[in-house]
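Student: Take a look at the letters that make up each chain.
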Amino acid sequence: MLRLENVHKSFGGIVALHGVSFHVEPRSITGLIGPNGSGKSTSFNVISGFYSKDRGEIYFQGKKIEDIEPYKIAMTGIGRTFQISEVPEKMTVVENLLLAPKNQFGEGVLNVFLHPLKIKKEQDEHIKKVYEILELIQLYDLRNEYAGNLSGGQKKLLSLGTILMSDPTLILLDEPTAGVNPTLIKDLIVAIKNLRDEKGKTILLVEHNMKVISEICDKVIVLDYGKKIAEGTPEEIQRNEKVLEAYLSGSSKRE
Amino acid sequence: MGLINFLVYLAIMMGIYGILSLSLNLQYGFAGLANFGQVAFFCLGAYVSTIVVLTFDMPFIFGLLGGMTVAGVFGYVIAIPTADLKEDYWAIVTLAAAEIVRIFFLNEDWVVGGGPYVGGSFGIGGIPQPLRALFSAHTYPFFYLTIVLVCLLITYTIINKITQSPFGRVLKSFREGGDNLPQAMGKNVKKFRVKVMAIGGSFGGLAGCLWAHFHGFISPDQFMPLETFIVWAMVIVGGKANNKGAILGAVVIMIFYNSTRFLKDYIPVEAVTLASLRMVAIGILIVVAMLFMKEGFIKEKKVLY
Amino acid sequence: MTFTQVVINSIVRASELALLSLGLTIVYDILRFANFAHTEFAVVGVYLALFLNITLGLHIIPAVIFASVATGIFSILVDRAVFKKMRNTSGIIIMVTSLGLAIALRHTISAIWGADAQNYSIALQRPIVTEYFRITPLQIWIILVGLAAMFVFHLLLHHTKLGKAMRASSDNPELAQASGIATEKIITYVWFIAITFASLGGILIGMETYILPYMGFAIIVPVFCATIMGGIGNPYGAMLGALVLSFAENFGLYINFGKIINLGGVLDFSKDIFVPTGYKPAISFVMLILVLLIRPRGILGRKKES
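Protein chains in written order, with this note's numbering: chain B, 1 to 255; chain U, 1 to 305; chain Y, 1 to 306.
Pulled out of the complex, with its shape left as it was, chain B reads as follows:
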């Protein structure tokens, strides 16, 4: 589904990704972990097109991803959330969700005037889906609240909701449980597993919560200083010496 081959990325003098290679199988949940600064977010940004890689190749569904704008990559079926919530504050929860479906007919200016009925039909269908998702992410009561007024955890749920609305093939989740209250995390886990099992989605997630990782990941990839240092099942990773060393020594060296 997704394959990175020898991807390099530097910022000025700092090497963020040092020849990273890994692959993600279809219909699986893969975890991407590592100490701070190991290159997890950079990988996400490179895959989704927000950073351009210096060297290396990225393949999605067998096809090479060229150096194009993020929106074009999103249109190929890659969806992502952001570590620091990027939700537009002055739009309501419902508006945020309605934003998500791709290729909306009503987004063409001329269409607004030439095909109003078609647009109304499309919007009604989307609204139905929005209500379903609101139930799922438990934000129904807050649906008309401005996104800016939500708590950090609620914003994370909203991000997940927009992913569900936009229906991508590959989903990149950037710390989906950070700041979310523990009872809700259980529901999130169920929802993410559901995406794999019932919707057949492929998920790559960055997480610091090892319990979540153990519970839902089929495979875990470990980065350190921009290199892949280990790969395997959650149990294998937790026993891996190199991984333990990276986390222990890393935390004193980094900021």
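Be aware that one or more of the hints could be misleading.
Each pair of labels, with its calculated beta carbon distance range [what the hints assert, rightly or not]:
1. PHE142/U x LEU114/B: 31 to 37 angstroms
2. LYS164/Y x THR157/U: 56 to 62 angstroms
3. ASN6/B x LYS84/Y: 36 to 42 angstroms
Calculated lysine-lysine pairs in the DSBU-like style (CA-CA distance at most 35 angstroms, straight line) [to be verified]:
4. LYS64/B x LYS190/U
5. LYS64/B x LYS301/U
6. LYS190/U x LYS294/U
7. LYS86/U x LYS242/B
8. LYS118/B x LYS102/B
9. LYS301/U x LYS128/B
10. LYS294/U x LYS64/B
11. LYS86/U x LYS280/Y
12. LYS299/U x LYS64/B
13. LYS242/B x LYS211/B
14. LYS64/B x LYS242/B
15. LYS301/U x LYS190/U
16. LYS190/U x LYS129/B
17. LYS185/Y x LYS294/U
18. LYS227/B x LYS199/B
19. LYS129/B x LYS199/B
Bear in mind the hints are in silico, worked out from the structure with no lab data behind them. Even glycine gets a Cβ: it sits at the ideal position worked out from N, Cα and C.
Following the hints, position chains U and Y against chain B.
Tutor: The following block gives chains U and Y in isolation, referenced to the frame of chain B:
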């Protein structure tokens, strides 16, 4: 000027500026584009319409369409290379672009229509008023007011429909400058910005055309950056991202701006000085509004489900 | 007009512009907004000096000094009254506020002094004329004052505690605030320096040409252009940007593009093509667009990571 005539004049000005205000509100209030060069569209609409009607001897409607088209194209062309610039860079670029437009018309004194029309710093006079012959001098202003109000209504309807559509929703998503989320959702943010500038531009041109044919005379110093700032005052005071607010802002500022005309009978100050003081008041009004009333009179309407 | 003359004109203009763009860049750097009232503050200084010089009969030199300093202090008061309340507001709101302020300042000046061109009372200028150029003593003074001011600023930035604090705040505002460098105090000093310099620049322009209420607006695009070209936040960039822009403006008018197209006789093109003087402001606009499209951080600016 008799009172009725003055009120009709005032209403026409409110209508014309209402269109300018709606146009800027679309750009800034809904799409986050801080256009400090709004007067460029006004200027282009006025000049192009005048040239179409005088040089090419075409009827008013073609002047209108010509002015709107050129202004819209200008908005489109300016936006293409610059749409993704940071808001403060974009502001100075649009300010400078508007100045270039004005300087262009200041320098290029084409003799229009081979007649007594001059151009350049002297301005162009003798701009015909549409269907003037059908009315008496007394009733014509009412007719023109009708034209302006119809245009205002059309502008409001179109812009309102746009801002309430899915297209408008995408605008709101990147309006604060956060391009990341819309991009991650597959929205070509730049394309939306460019389209907004084209649409906003053409309505600015419409206002310019209505202005030119009402006043009968245009010159470059009617299109100083000051005009842009007056429109900004209208958008801010009326309420940004609210179309009714934009019109309200135009009404309020126009009343304010013109009310001081009467003061000159009571205040022993020269007319020129009074004009300057009027502008001081508008400047202070903008500052005060930004400090205490950022949302304007009418806040943005929340879309409820 | 000879080549040398164009060079001299450019250097004089650069000296004036640099004082203005320097002020703009340091305020931009520390407060993170584009102050559209910057050049209007300079005009306040210009007219204050005019008042002292003509109305009160003060000699031009103390008039200039006093006016510049007074305007610097005035800007601190304005900051306290207006911008201080907006330290955390979005960029557009502050920009629009500065716009309103600019209108208020400019029209207050024209209400008081009227729209006619005015002049300072300085000695009649007898130009030094040579075969290749002419230059007036005033122009020589302008260059010297410009250089002196920039040198003083350099000393300030690198040899004083204030300068050190300014540089720290510029590099890392959060860290500077956390480590106890009183940011509000620095902001006060920055305004003072910026606007005093800007007033001086405006006054020099007024001495060399005319004093008019809209002169602030006439230079806003070139000043912004010079600042951005040099790299926002970099004072040396501002000076460099002023130099580059001045040369571009003057040479832009001087170059015969027809001769260039002619390629020295290779192509049979004999028309003279000059940029019309009326389009001089367009040159800074074109330069600005080019910089923003090709290298938005400017010549000396730092690269901002996303």
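Student: None of the hints should be skipped; say for each whether it holds.
Tutor: Hints, one by one, checked against the model:
{"no.": "1", "hint": "PHE142/U x LEU114/B: 31 to 37 angstroms", "result": "holds (35 angstroms)"}
{"no.": "2", "hint": "LYS164/Y x THR157/U: 56 to 62 angstroms", "result": "holds (60 angstroms)"}
{"no.": "3", "hint": "ASN6/B x LYS84/Y: 36 to 42 angstroms", "result": "violated (52 angstroms)"}
{"no.": "4", "hint": "LYS64/B x LYS190/U", "result": "holds (24 angstroms)"}
{"no.": "5", "hint": "LYS64/B x LYS301/U", "result": "violated (44 angstroms)"}
{"no.": "6", "hint": "LYS190/U x LYS294/U", "result": "holds (27 angstroms)"}
{"no.": "7", "hint": "LYS86/U x LYS242/B", "result": "violated (44 angstroms)"}
{"no.": "8", "hint": "LYS118/B x LYS102/B", "result": "holds (16 angstroms)"}
{"no.": "9", "hint": "LYS301/U x LYS128/B", "result": "holds (23 angstroms)"}
{"no.": "10", "hint": "LYS294/U x LYS64/B", "result": "violated (48 angstroms)"}
{"no.": "11", "hint": "LYS86/U x LYS280/Y", "result": "holds (26 angstroms)"}
{"no.": "12", "hint": "LYS299/U x LYS64/B", "result": "violated (47 angstroms)"}
{"no.": "13", "hint": "LYS242/B x LYS211/B", "result": "holds (20 angstroms)"}
{"no.": "14", "hint": "LYS64/B x LYS242/B", "result": "holds (31 angstroms)"}
{"no.": "15", "hint": "LYS301/U x LYS190/U", "result": "holds (25 angstroms)"}
{"no.": "16", "hint": "LYS190/U x LYS129/B", "result": "holds (28 angstroms)"}
{"no.": "17", "hint": "LYS185/Y x LYS294/U", "result": "holds (28 angstroms)"}
{"no.": "18", "hint": "LYS227/B x LYS199/B", "result": "holds (32 angstroms)"}
{"no.": "19", "hint": "LYS129/B x LYS199/B", "result": "holds (15 angstroms)"}
Against the hints set out earlier in the document, violations occur for numbers 3, 5, 7, 10, 12.
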